[in-house]
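J.: Read top to bottom, the protein sequences are chains G, A, V and C.
In terms of this note's numbering, the first sequence is residues 1 to 483.
In terms of this note's numbering, the second sequence is residues 484 to 869.
In terms of this note's numbering, the third sequence is residues 870 to 1041.
In terms of this note's numbering, the fourth sequence is residues 1042 to 1139.
No wet-lab data here; the hints were simulated from the structure.
Since no wrong hints were added, every one of them can be taken at face value.
Straight-line Cα separation of at most 30 angstroms, DSSO-like style, residue types lysine-lysine; simulated pairs:
| hint | chain 1 | residue 1 | chain 2 | residue 2 |
| --- | --- | --- | --- | --- |
| 1 | G | K302 | G | K165 |
| 2 | G | K186 | G | K442 |
| 3 | G | K472 | C | K1104 |
| 4 | V | K1009 | G | K165 |
| 5 | G | K294 | V | K998 |
| 6 | A | K660 | C | K1108 |
| 7 | A | K523 | A | K807 |
| 8 | A | K660 | C | K1078 |
Derived CB-CB ranges, DEER-like:
| hint | chain 1 | residue 1 | chain 2 | residue 2 | range |
| --- | --- | --- | --- | --- | --- |
| 9 | A | E488 | G | G348 | 34 to 42 angstroms |
| 10 | G | D207 | C | A1102 | 36 to 44 angstroms |
| 11 | C | A1116 | G | L475 | 17 to 25 angstroms |
| 12 | A | P757 | G | R13 | 56 to 64 angstroms |
| 13 | A | R843 | G | G379 | 45 to 53 angstroms |
| 14 | C | G1106 | G | E189 | 53 to 61 angstroms |
| 15 | V | G925 | G | S440 | 32 to 40 angstroms |
| 16 | G | K187 | V | K878 | 42 to 50 angstroms |
Sample of chain C residues with no beta-carbon within 10 angstroms of chain G, all distances over it, derived:
| hint | residue |
| --- | --- |
| 17 | D1065 |
| 18 | L1066 |
| 19 | D1068 |
| 20 | I1071 |
| 21 | D1073 |
Here the structure is a predicted model, which is why all the values come from computation and not from measurement.
Even for Gly, the Cβ is constructed at its ideal location relative to N, Cα and C.
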Amino acid sequence: MRITEHPVLQFRRGRKVTIYFEGQPIEAYEGETIAMALHAAGIRVLSHSGEKHRPRGLFCAIGKCSSCLVKVNGIPNVRSCITLVEDGMRIDMQRGKETLPRTVKPPEWGDAPRYKADVVVIGGGPAGLMAAIHAADAGARVILIDEQPKLGGQLVKQTHKFFGKREQFAGVRGVEIARILTEEVKKREKIQVFTETSAVGIFQDGDEKLVVGVRKNRELLEFAGKTLVVATGAMEKMIPFENNDLPGIYGAGAIQTLMNTYGVKPGDRILIVGAGNVGLILAYQLIQAGVEVKAIVEAMPKVGGYFVHAAKVRRLGIPILTRHTILRAEGKERVEKAVVAQLDENWGPIPGTEKVFEVDTIALAVGLRPSIELLHQAGCQIKYVRELGGHVALRDERMETTVQGIFVAGDSAGIEEATTAMLEGKIAGIAAALKAGVASPKWLKEIEKAQHDLEEFRSGPFGKHVIEGIKKALLPAGGDSNA
Amino acid sequence: MPTRELPKKSEITIIGGGIVGVTIAHELAKRGEEVTVIEKRFIGSGSTFRCGTGIRQQFNDEANVQVMKRSVELWKKYSEEYGFPFQQTGYLFLLYDDDEVETFKRNIAIQNKFGVPTRLITPEEAKEIVPLLDISEVVAASWNPTDGKASPFHSTAKFALHAEEFGAKLVEYTEVKDFIIENGEIKGLKTSRGTIKTGIVVNATNAWAKLTNAMAGIRTKIPIEPYKHQAVITQPIKKGSVKPMVISFRYGHAYLTQTAHGGIIGGVGYEEGPTYDLNPTYEFLREVSYYFTKIIPALRELLILRTWAGYYAKTPDSNPAIGKIEELSDYYIAAGFSGHGFMMAPAVAEMVADLITKGRTDLPAWWYDPYRFERGELRGKALQMG
Amino acid sequence: MPEILEYLKRGYITPEELFEIIPKPSEERLRARPVAIPECPQEIPCAPCREVCPTGAISMLTPNDIPIVDYEKCVGCSLCVQICPGLAFFMVHYVGDKARITMPHELLPVPKRGDEVVLLNRVGEPVGKGKVTLIIPREKSMGDTAVVTVEVPIELAWEVRAIRVPGGDDDD
Amino acid sequence: MTEDPREKIIICRCNDVTLKEIEDLIDGGIIDIEEIKRLLRVGMGPCQGRTCLPLVIGILARKTGQKPDEIPLPATRVPVRPVMMGVLAGEMGDDDEE
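Pulled out of the complex, with its shape left as it was, chain G reads as follows (with noise of 0.2 angstroms):
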């Protein structure tokens, strides 16, 4: 089930390897993860509930859900998806709770090395990358974190063109976006690059801000900066059906990850719950991999993503069904079918305009919120907006938050576009800069100008709906971020 030929992508795999599950040689590639090799095999079911003994499957695919753990090489609860295979490794199933050897060192304790910089970025996506890109120009010297080992967060799984003007990249592909901007990254001596670390946490430290990561799930590190920006983008939502946890029920993000980053088919029928942007684009993108898209179903009565992408996969053939739901997913260990239902005014299933899909695989795509969660540890006030997708942290003009020196950017700061991410990583980046006083005032200028850019690619309906839940996290101005 990998994909070989792909009409945009191009996937290069690592040397052979065999790994075994429940003693089973199965065929993985250095540099996949196990969930990702596993699936690849047709597996699907990796472990069954503690409590009522439910199968359970890969879900986000990217470290945050906990429902792909297994055990390796004897240790248990290794979340599956994002730790990389290895020649020989053993991967069982997890039977509820498991026990720990018993023969094990203690570990000796050992000072966690400490980077410093001005300005410390966390995530790597589009709106870090940019924050990174230009606070490092504005003269800082910047440490950039993110959990992944490619940098480019959500846009190396974009197989699509971004809208918006050409100096905002409009035209380009995500993964091509990403490659960009990983490479004017690269070229700045100033910025400094941690990949496959995660921060688990922010501390002030006297003056500074102590971001406290872990590598590669395994070694603690430190880094220090008198600002920092947050931009860790957002994750996917849920949604309460029937048997909604089922193997073979994925976010969006999650299809994205083993199709277009991993070459690895996720199913061969699909039904897609949502007709967001998201749900659009993923249709279109499995179709691109060459996986049959049944439909596509939207509870509201029109298409919630922009009108082209909704086009662009009907001519392909695939029905969206609005005013639909899915009720439930049915199977015995995986999903074999799924099965949707007209609404009524109420929100209600409509009894007997049912449909069943046999489908392999049902694809979330019902919303993303954003990551706030560091946002929240470091004490950043935080606030319930519909309009930006959910919790958020309030923020000023530059995007700083009420905890002086942090500032947010991207979809961590309201769910928006690669674009606005970007604009806004923009201003996060130069105002840290700023902030850590390292950055000289005629910098302010590029602030202003891409504040008029975003106030340009908002100004149309889509923008307008942003705007509103932006002034209900809009700090009043004149806080002491004019530094």
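With chain G held as given, fit chains A, V and C onto it using these hints.
T.: Below, chains A, V and C alone, put in the same frame as chain G:
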């Protein structure tokens, strides 16, 4: 089910719906008294639901040993009657040198005197009890199999439920704002939901006790200060992996055990205060990891899921202040538990109910005399974990 | 709540609906040379078509306005078809009793000139067969998107908006 | 007894908490998200509530008529990602023999 309706009057009103306030209400109601608990948020939400779950009799003074012996009897009795989990899985103190062993021998003698069956065991015996232990540096252990642990959520909920069955009123989401006092007599309390007439008030607000005392205009010096005490919980592992509460003074005053759900829970002696700040810290995260893995090396592969903080409401001698404050009639305090409130609660409830209803108690309440601070008669420091 | 536009309910637009939004080129213009038709009825923040147009034929005051093509200025170069991120630009050219439709194509396989392909309408239904008359491969395309021109019966000029290439995964 | 479909709607995957369990609790008068968390262990698993807590807030809002912004988001505490104890003790992964 606790209510949000404030009664017009109540003979006795307890401020604070933690385990201490709830068990006092339970005991008083059981004795037929009219009693109301007023809780700012929900039952147990202050420090009770943040506690480390342990219940031990291994103290180093006669009073605490006696009180805890009674408390364990009550924990056992009520867990059986009310059906909440209380397990006598023991407390295991790991000892690493002769000085420690000598100290614990003295403690064990006191405990044995009152019938608490603590004994000194060998490192190998300790490893039989917790096979995951690293005993390479351990020279002996103090082991009492009758100590135990209980779920703070389920036990407090059951005490609350039965207190109500006996007629107690538990009022949640209601904050006491002021005392109504006339000629040194309590007439009532002003709350965020109106006024309640009451004659007897028990301050069971532990970490907030000094604020409550101030509200009552108490001038007696009762130094109770909130300290941030942090705890950690890991991903669950197979049940029975760490049955008793394991203590190591050598390694950071650490205590750890396994919850009913399977996670390893515990803390270390890293403490900050006085403060009302409850933000967990990096220092704690590192220290707890280091000390826990020193005690049980296999924990190094285990994921920490969460940290949180609660208050140790500390007094200078780590013993609580329990008793009547004479400058105001009728005002009682049961606070300053210094990390022992959960384990002591059922016995404290009996003690306070005795004092209110009979004016005397068979339990050694004198040890906790709230006036001892003012008189400069501090007790021997109670053996405090974490 | 405002009335929901039909094309947003369905996910595609009919030619009738389209020509209420933009003018339909005259028969004469359609026969003169290929003409760009934007099927982009919604105000979205996007401007590359205007930015690449060599003759300034596309007017759009702000990126959030819809593109309007001045058919007289349009030289039929197909750059807008190549660049459009929404794959919403097409070119139509009437030649005798045929129409040549130029459209973006981002799927495998990419047909060759002279190949016969299945013609699909706006809901993916096969409506006939047509011949590929021109291919601009991805490498030579301004916007990294292959552009295909197919010759279709003239009455299908406003129906055909996609193709299926025999030999593809979903070949029937 | 017919099976309640809500028993098959999983809100918290980590601790297997269903829609029915949450709605039953709310119906019983427990409407404080902190209390719901503690009683059902919803959001207390390895995903640290990322997936389920927004759902719980939605359910609470729907059943109690509160607005989602009136329901306080439970605290986020370190570590915001689960971390192995050995790593926090300072053991470095690369020079670690396995």
